[in-house]
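K.L.:
Here's the letter readout for the chains.
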Amino acid sequence: MKKSIFVELIFLKIYGGRPSTDFSVLKPDIEAYLPAAVNYALTKSFYIQKNTERNGDIPTDFYHTFTNLPILKDSTRNNRKYVNMPATLVSMPGNNGIRMVMDNCETVYTPLGDAQLANIDYWLNIMTSEKFYNLSGKKLYIFNSGIVEKLKLTMIVTPAELSDDEELPIPAGLENEAIDMAYEFVTGIRSTPVDRKIDTRDLN
Amino acid sequence: MSVKPMLPIGVIADMICQELGDNKFLKKALILQYIVLGQQKMHLLLNKDVTIKSEVIPLNSDLQFELPCDFIYETKIGIKRGNNIAVLKQNRYFERQPKVLNDTQTLGDINNVLNFSYPDNQTDFAYDCYFYNPFRCGEYLGGYYGAYGCGYSNDYYNIKDGVLNISTYLPNDEDTELIIEYKSDGISGGLAFVPNIAFLALRAFAKAMYNDEGVDGKFTQVWESEFKTIKRMQNWVDIEVIANLFAR
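Heads up: the sequence lines are chains A and B, in that order. All residue numbers for the first sequence refer to our numbering, where the first residue is 1 and numbers rise by one. All residue numbers for the second sequence refer to our numbering, where the first residue is 1001 and numbers rise by one.
Just so you know, these hints were derived from the structure itself, not from any lab. Fair warning: there could be bad hints in the mix.
To be verified - With a straight-line cut-off of 20 Å between C-alpha atoms, the simulated EDC-like cross-links for lysine to aspartate or glutamate are:
id: 1; chain 1: A; residue 1: Lys13; chain 2: A; residue 2: Asp114
id: 2; chain 1: B; residue 1: Lys1089; chain 2: B; residue 2: Glu1074
id: 3; chain 1: A; residue 1: Lys2; chain 2: A; residue 2: Asp121
id: 4; chain 1: A; residue 1: Lys13; chain 2: A; residue 2: Asp121
id: 5; chain 1: A; residue 1: Lys44; chain 2: B; residue 2: Asp1022
id: 6; chain 1: A; residue 1: Lys27; chain 2: A; residue 2: Glu53
id: 7; chain 1: A; residue 1: Lys50; chain 2: B; residue 2: Asp1022
id: 8; chain 1: B; residue 1: Lys1027; chain 2: A; residue 2: Asp114
id: 9; chain 1: B; residue 1: Lys1027; chain 2: B; residue 2: Glu1177
id: 10; chain 1: B; residue 1: Lys1024; chain 2: A; residue 2: Asp61
id: 11; chain 1: B; residue 1: Lys1160; chain 2: B; residue 2: Asp1014
id: 12; chain 1: A; residue 1: Lys3; chain 2: A; residue 2: Asp22
id: 13; chain 1: B; residue 1: Lys1024; chain 2: A; residue 2: Glu8
id: 14; chain 1: A; residue 1: Lys73; chain 2: A; residue 2: Glu31
id: 15; chain 1: B; residue 1: Lys1024; chain 2: A; residue 2: Glu175
id: 16; chain 1: A; residue 1: Lys27; chain 2: A; residue 2: Glu149
id: 17; chain 1: A; residue 1: Lys3; chain 2: A; residue 2: Asp29
id: 18; chain 1: A; residue 1: Lys44; chain 2: A; residue 2: Glu175
id: 19; chain 1: B; residue 1: Lys1027; chain 2: A; residue 2: Asp57
id: 20; chain 1: A; residue 1: Lys2; chain 2: A; residue 2: Glu106
id: 21; chain 1: A; residue 1: Lys50; chain 2: B; residue 2: Asp1216
id: 22; chain 1: B; residue 1: Lys1024; chain 2: A; residue 2: Glu31
id: 23; chain 1: B; residue 1: Lys1024; chain 2: A; residue 2: Glu53
id: 24; chain 1: B; residue 1: Lys1027; chain 2: A; residue 2: Asp121
id: 25; chain 1: B; residue 1: Lys1027; chain 2: A; residue 2: Glu53
id: 26; chain 1: A; residue 1: Lys50; chain 2: B; residue 2: Asp1014
id: 27; chain 1: B; residue 1: Lys1160; chain 2: B; residue 2: Asp1022
For reference, chain A alone in the conformation it holds in the complex:
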């Protein structure tokens, strides 16, 4: 479902298709709530999949691929190599929003948890053929990368940064739930006070 259609559907549900100058909920308001509704649907889908198929998989067409990300060096962390995240990652448990990290030689990197960072130097000396990454804030650190220059990243971008014509990452079957959530949120907003006084000033 495209982002603009999702917003229009909620708009339609609130006002029934009759445009009015009295609208208290505007499209930017709905768009602002969009990430919350989409994150809920994605995370629910993740746990449903984990309970049924035991894999926590997300449909692969939701992923955006960013190529040719330049590798930089972080002087504050012992010149560790990193790339800046090209977009905001959707916030899912265990960084599940990142599907894959590859370099320009098409080598797949293994994700490292923060607990594994504690003894990573020991393991890097042993597992010399394996390459790792660790996400820390807006930086994606890479380990054992060798002489590669560019990185390729496949990830789910948060809906706030999608354009109107892009598909929202809502798994099939959970669209209605996300729409209802957004509807309930925006209709719960207090509307502007009604101006009952007949004078030359119009509060609306």
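For this one, chain A is given, so just place chain B on it according to the hints.
P.N.:
Below, chain B alone, put in the same frame as chain A:
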């Protein structure tokens, strides 16, 4: 003797991740650590097919060399140029003083092997004394290092106080390198490949560790039976070896 097929440890970890339904490899780093520990555990009891490796040592001019960090004891030491390797003999009494003597005779002797011009009356070539499982600075060189053109020279080496001393000058040649084949502790020099026969055992070990199984666990039992199979296969003596014994 055929070349043993080797398998990258990353491939085993990838397969276990798929079996666990982890398509994003979130558990791969942990599984890799279990595989390394399994290999180390198995390593203690197996023979040379999995525990011997070779390492090319950087050359220096004073002929004393630091040993690899996973070194336990050496099995063979050689000097290679081109396709030829001169294997050194061990002499426990040999000790090189820090000051190097200018001994051109030892250089001439080793050059005989490396140039493949060893005198006929001293022929001591052993074409099967290849160096097994070789690495150069962590890079796996593949196959048997120097399987063709290998021969014993009359030069000596000795290991004392963790330092390797050799009795010969090294040919002044960019192509020349020193190689040591040794019993390794299995992992500390870097583990990239394991023999194919160890696949099922390491997979079972990693899964048993991941599941936190006890002695009665399913994968613990698979690990034990596979490990016994590997030990049985490793202790299998080639019929050619027995034939050679009786031929003497």
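K.L.:
Give a verdict on every hint.
P.N.:
Right, here's what the structure says about each hint:
no.	hint	result
1	A:Lys13 / A:Asp114	violated (44 Å)
2	B:Lys1089 / B:Glu1074	holds (12 Å)
3	A:Lys2 / A:Asp121	violated (45 Å)
4	A:Lys13 / A:Asp121	violated (56 Å)
5	A:Lys44 / B:Asp1022	holds (17 Å)
6	A:Lys27 / A:Glu53	violated (37 Å)
7	A:Lys50 / B:Asp1022	holds (10 Å)
8	B:Lys1027 / A:Asp114	holds (13 Å)
9	B:Lys1027 / B:Glu1177	violated (40 Å)
10	B:Lys1024 / A:Asp61	holds (15 Å)
11	B:Lys1160 / B:Asp1014	violated (43 Å)
12	A:Lys3 / A:Asp22	violated (24 Å)
13	B:Lys1024 / A:Glu8	violated (34 Å)
14	A:Lys73 / A:Glu31	violated (36 Å)
15	B:Lys1024 / A:Glu175	violated (25 Å)
16	A:Lys27 / A:Glu149	violated (42 Å)
17	A:Lys3 / A:Asp29	holds (14 Å)
18	A:Lys44 / A:Glu175	holds (12 Å)
19	B:Lys1027 / A:Asp57	holds (14 Å)
20	A:Lys2 / A:Glu106	violated (31 Å)
21	A:Lys50 / B:Asp1216	violated (27 Å)
22	B:Lys1024 / A:Glu31	violated (30 Å)
23	B:Lys1024 / A:Glu53	holds (14 Å)
24	B:Lys1027 / A:Asp121	holds (18 Å)
25	B:Lys1027 / A:Glu53	holds (17 Å)
26	A:Lys50 / B:Asp1014	holds (19 Å)
27	B:Lys1160 / B:Asp1022	violated (49 Å)
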